[in-house]
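Engineer: Sequence:
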Amino acid sequence: MPKINSMKNRVLIFLLCVSIQSFAQQKAAYHVHSHNDYAQEFPFWEAYIGGASSIEADVFLKNDTLFVTHTEDEISTGNTLDQLYLQPLKKLSEEGKLRSLHVLIDIKSDAETTLEAVIKAIQNQELANTDQLTFVISGNRPAAETYKNYPDFIQFDYQDLEDLDQIDLSKVALISVNYKDYSVWNGFGNMVAPELKKVKAAIAKAHEVNKKFRFWGSPDTKIAWTRFADLGVDFINTDTPGEAVTYLKTLDQNTYVNTQKIEVYQPEFQFDYETTPVNVILMIGDGTGLAQITSGQIANGGALTVTQLKDIGFSKTASTDDLVTDSAAGATAMATGTKTHNRAIGVGPDDQPLQNITEILGTKGFSTGLITTDAIDGATPASFYAHRKERDDAQGILADLKGSEIDFFIAGGKSKAALLPDSYHIKNLTDFNTIKEKTAVYVGDGKVPSIADGRGALLPNSVKQSLDILENTKKPFFMMIEAAQIDSNGHANNTSGIVQEMLDFDQTIAEVLKFADKTKNTLVVITADHETSGFGIISGDLKTGKLHGEFLTTNHTGIMVPVFAYGPQAQEFRGVYENTEIFDKILKALHP
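The sequence shown lines up with residues -24 to -1, 1 to 568 when you count with mature numbering (1 follows the signal peptide of the UniProt record, and there is no 0).
Think of the hints as simulated: they come from the structure by calculation, not from any bench. Among the clues, some could well be false.
Here are the computed lysine-lysine pairs in the BS3-like style, where the Cα-Cα straight-line distance is at most 25 Å [unchecked claim]:
| hint | residue 1 | residue 2 |
| --- | --- | --- |
| 1 | Lys440 | Lys519 |
| 2 | Lys440 | Lys451 |
| 3 | Lys147 | Lys173 |
| 4 | Lys365 | Lys403 |
| 5 | Lys564 | Lys494 |
| 6 | Lys450 | Lys423 |
| 7 | Lys187 | Lys176 |
| 8 | Lys440 | Lys522 |
| 9 | Lys237 | Lys522 |
| 10 | Lys365 | Lys390 |
| 11 | Lys124 | Lys173 |
| 12 | Lys176 | Lys496 |
| 13 | Lys156 | Lys187 |
| 14 | Lys564 | Lys496 |
Just so we're clear, the structure is a prediction, and the values are computed from it rather than from any experiment.
Please work from the sequences and hints to get the whole structure.
Structural biologist: Okay, structure coming up:
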């Protein structure tokens, strides 16, 4: 192994100084052991800066020098325990930057003579009485009955579970066993039940005597880290400590257990596919891809209302200037049938206004409405009434409501109500019972509160209330409903929020399908403007409603999104097509 040069170490010390404060403020729920740390590009520093709680140094005593190496043949001059581990520890201690750490010294040469040299080396660096450090001797160790003869700062890694009741455990800091003695699981999928039982029993034995536990030789994958964390392994063995620490810090945040299942509505499918629909309801789950839908399905025990539908397609979401669309271009494509550049609201690539579906249908006698958990000037709802080249032009977007065909909206955005055209009458939701006059119902100052913040059943209830009002008008209608905060939680990489908002969206879908079954003349289209976060589900349990999500990004992605349809002409939405065809297919369904 090449000698670690001092310049690289100085760079790492600088990085440590930059990051040390954040590490001090974080309390890790799970602990990582940097196995074979000497093999890292930067022994000690890489694991320490990465947040490992235990670092392993393999040592071999030769010519009175403690070399860091796995075998005598691999000795590299200069790579000593003192230089690579003890001196950095002393420097951190002197500067007040040392955090709690297990230093596991794996002896590869003679046990007694090497241990005496280790003790002397620790004392020479004045680390023997450092409260933050626990020195744990592993590998070749003296007999257990002699542990008591060694200084208090020396602890041991015991590697036998069968005689724990026969030895003095006062000097044992850790119990480590060979994982392969209990399981052949490779870190993908799940352990088989008999092996899982053996693994659990091994962990339990160590915990029964109040000792920390570690497997060595264990699989080193994200799934393995997750399983071992769930099983209560105290130090999770890994050759990639920084990656493992980062992953485990988000494990709880990215794990969700649903405690309240929602009712799954079974659609009746009693409509005539070949008739012309009277009403159209377009439902947009902002940021919702297959994984987001699946997360709700898992959390709900394996079923959702939306997954009962049979007419399914896929929409390609790219904008004119980017494979990865934003909500503005994505919604504009569905509202106008024309692709445009990102950030554009209701205008084409040349920034010229495009006629949208509410303008087309509104002039043909349709009532039109928008319901969203975003603000009314958010990119998705705005694309159905406004014509602006910049999605952040709130003043211009809201001004476009004046000449729009929108009869009512229920949304957030009350903080900008002063910009609302006088043609709209602001009402409370409880007072909203007619659309004889243009109506604005605000249910949030900015965005509508999230489910996590107590929104409750506001979205499905608002939709049900609006459908009753629209039915009483005795006119055909078009309504766009947006579940905006699946996207918000994707940007935040918040698994819990994604699931909660998805379940709320599904309850809203149930209300819409109930209406469609009641009228038998309503076309329902359910889709997304794009997927957000590259969300994936790496583990879960249908019985408990538990799932663990992972994320590729905090941005949108370019993958296709599903399209579900129900009602007359639903068959037109099967297949794979551009997002602009949703507009075309709706108009074709209404005017075959």
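Engineer: Now look at each hint and say whether the structure bears it out.
Structural biologist: Against the structure, the hints come out as follows:
no., hint, in the structure
1, Lys440 - Lys519, "violated, 31 Å"
2, Lys440 - Lys451, "holds, 17 Å"
3, Lys147 - Lys173, "violated, 29 Å"
4, Lys365 - Lys403, "violated, 30 Å"
5, Lys564 - Lys494, "holds, 23 Å"
6, Lys450 - Lys423, "violated, 32 Å"
7, Lys187 - Lys176, "holds, 15 Å"
8, Lys440 - Lys522, "violated, 30 Å"
9, Lys237 - Lys522, "holds, 12 Å"
10, Lys365 - Lys390, "holds, 23 Å"
11, Lys124 - Lys173, "violated, 34 Å"
12, Lys176 - Lys496, "violated, 55 Å"
13, Lys156 - Lys187, "holds, 21 Å"
14, Lys564 - Lys496, "holds, 18 Å"
Checked against the numbered hints above, the structure violates hints 1, 3, 4, 6, 8, 11 and 12; every other hint is satisfied.
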